[in-house]
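Visitor: Spelled out from the first residue to the last, the chains are:
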Amino acid sequence: MSEENTKPIFSMEALQAGDRAEFARMMDHFSNPIYRLGLKILANEQDAEDVLQETFIKAYHSIAKFEGRSSLSTWLYRIATNEALMLIRRRKPTLELVLENDNEEDVTPVEIVDWCCLPEEELLSSESRDFLEEAVQVLTPPLRLVFLMRDVEGLSIKETAEILEISESAVKVRLMRARLKLREELTHYFGAQLDGKEVQYGSAST
Amino acid sequence: MDPHQHDSANCKDLLANISAYVDGTLREDLCVLLEEHIHSCRNCEIVVNTLQKTIDLYHEAAEKEGAIPEDVRSRLFARLELDDFIE
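If you're matching them up, the sequences are chains G and L in order.
Counting along the first sequence from 1, when you hit position 19 you're at 19 in the working numbering, and nothing is skipped either side.
The working numbering runs 1000 ahead of the 1-based position in the second sequence.
A few of these clues could be false.
[Stated by the list, open to error] As a list, the in silico DSSO-like pairs of lysine-lysine whose alpha-carbon atoms are at most 30 Å apart: (1) 92/G / 58/G; (2) 1012/L / 58/G; (3) 158/G / 65/G; (4) 65/G / 1064/L; (5) 172/G / 92/G; (6) 1012/L / 65/G; (7) 172/G / 1064/L; (8) 1064/L / 197/G; (9) 158/G / 172/G; (10) 58/G / 158/G.
[Claimed, not checked] Which residues of chain L face chain G? A partial, calculated answer using Cβ under 7 Å: (11) 1039; (12) 1047; (13) 1049; (14) 1053; (15) 1054; (16) 1057; (17) 1058; (18) 1066; (19) 1067; (20) 1079; (21) 1085.
[Said to hold, decoys possible] Here are the in silico distance ranges between beta carbons for each label pair: (22) 1067/L / 137/G: 22 to 32 Å; (23) 11/G / 1043/L: 54 to 64 Å; (24) 1016/L / 125/G: 30 to 40 Å; (25) 1081/L / 11/G: 37 to 47 Å; (26) 1085/L / 196/G: 44 to 54 Å; (27) 137/G / 1029/L: 16 to 26 Å; (28) 1015/L / 68/G: 18 to 28 Å; (29) 90/G / 1079/L: 14 to 24 Å.
If you're looking for bench data, these hints aren't it; they were derived computationally from the structure.
Don't be surprised by glycine CBs; every beta carbon is placed ideally from N, CA and C.
Just chain L, same shape as in the assembly:
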């Protein structure tokens, strides 16, 4: 199969493996096929890149989050009648 021949069947195959690919868990031979495909198919390359970026953004946004609000924490301890043990 000529990897430079763009057809929609290849794009469909890519879609089935894209999630495992960005997680780094896709089988090596399938990785090679996928990378050959995105090398010759700009649209699929954009889909892979923007999918990766989507996941990265959620990771980064989660890291910026603060701790549980202090009032929510004290109400939780109060509800469980564990106020004596709040530090």
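Bound-form chain G, shown alone:
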């Protein structure tokens, strides 16, 4: 859902005049990425559906006031991520601090195992894909949002910064931390699979 591809498709004039057919068309176009993003942020289907519905209800009511300073997709993503963050806060109010501050934990790599040689069908098995999703939940919400937008949804650094209303350099720092943290998680997981193979095929006799 990059800006170049989505900007000219819909008539802002019709949308702002309350054209329901045009809104429905626009909603159908953006509902998939918005739902998917919500699902990945929250790891809960009902919550993701709530975010999806609230996003378009808010958009429907405020599109007349949309000034077009950002693209339509950036605007929708911003509403959706704010809704998702609100749900997280409501679910775990004690997380407030973590939500507001960048995670300063050390990201120096600890696990050094070369698991790139594992076969692709193993790296992308359904168990592995479940693990990829679980691992994202280990990230603090600020890191999680940046990672999902940039590396899963494929948005640019600039778009991600606009959606989250933070600087591009803040996006880069969070992205680096998120990626290193996930590399660590995946190394732990796939490293164990490599160990398993060594036990299976090697000389270990337990």
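Starting from the known structure of chain G, fit chain L onto it as the hints suggest.
Guide: Relative to the frame of chain G, chain L by itself:
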């Protein structure tokens, strides 16, 4: 500076640039330094490769995903009272 001399300061430098490196946005002179370093430091080479692989796996997993479930889509249209326009 001898690039083959492994020290932890070089490894720390690598860490600061690794994310831009895998995105292909790192300045060329820094790329050269980083590549010289990973050539002589097996641990950093593994970190770079597994970081790249981590990002690739998330990309590939995202591409395999299906569309929004049909029931979620119809409830969305119903909630907005836009059922008449669902195709």
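Visitor: Regarding the hint that residue 1054/L lies at the interface with chain G, is the smallest CB-CB distance below 7 Å?
Guide: Given a least distance of 5 Å, the restraint on residue 1054/L holds.
Visitor: Under 7 Å is the threshold here; is the Cβ of residue 1079/L close enough to any Cβ of chain G for the hint to stand?
Guide: This hint holds: residue 1079/L lies near chain G, its Cβ roughly 5 Å from the closest one there, short of 7 Å.
Visitor: Does the Cβ pair residue 137/G, residue 1029/L satisfy 16 to 26 Å?
Guide: Cβ of residue 137/G to Cβ of residue 1029/L: about 38 Å, so the range 16 to 26 Å is violated.
Visitor: For the range 37 to 47 Å, tell me whether the beta carbons of residue 1081/L and residue 11/G fit it or not.
Guide: violated (21 Å)
Visitor: Could you check the hint for me, namely that residue 1016/L and residue 125/G are 30 to 40 Å apart, CB to CB?
Guide: holds (34 Å)
Visitor: Quickly compare the C-alpha distance for residue 58/G and residue 158/G to 30 Å and report which way the hint goes.
Guide: holds (24 Å)
Visitor: Within 18 to 28 Å or not, the Cβ separation of residue 1015/L and residue 68/G?
Guide: violated (40 Å)
Visitor: Go through the hint on residue 1058/L and say holds or violated, using the shortest Cβ distance to chain G against 7 Å.
Guide: holds (5 Å)
Visitor: Could you check the hint for me, namely that residue 11/G and residue 1043/L are 54 to 64 Å apart, CB to CB?
Guide: Holds: the Cβ-Cβ distance is about 55 Å, inside 54 to 64 Å.
Visitor: Take a look at whether the Cβ-Cβ distance between residue 90/G and residue 1079/L falls inside 14 to 24 Å.
Guide: holds (20 Å)
Visitor: Would you check whether residue 1057/L satisfies its interface hint, that is, whether its CB is within less than 7 Å of any CB in chain G?
Guide: With Cβ-Cβ at 6 Å, under 7 Å, it holds.
Visitor: Need the status of pair residue 158/G, residue 65/G: alpha-carbon distance at most 30 Å?
Guide: holds (23 Å)
Checked against the numbered hints given earlier, the structure breaks hints 2, 4, 6, 11, 18, 25, 27, 28 and satisfies all the rest.
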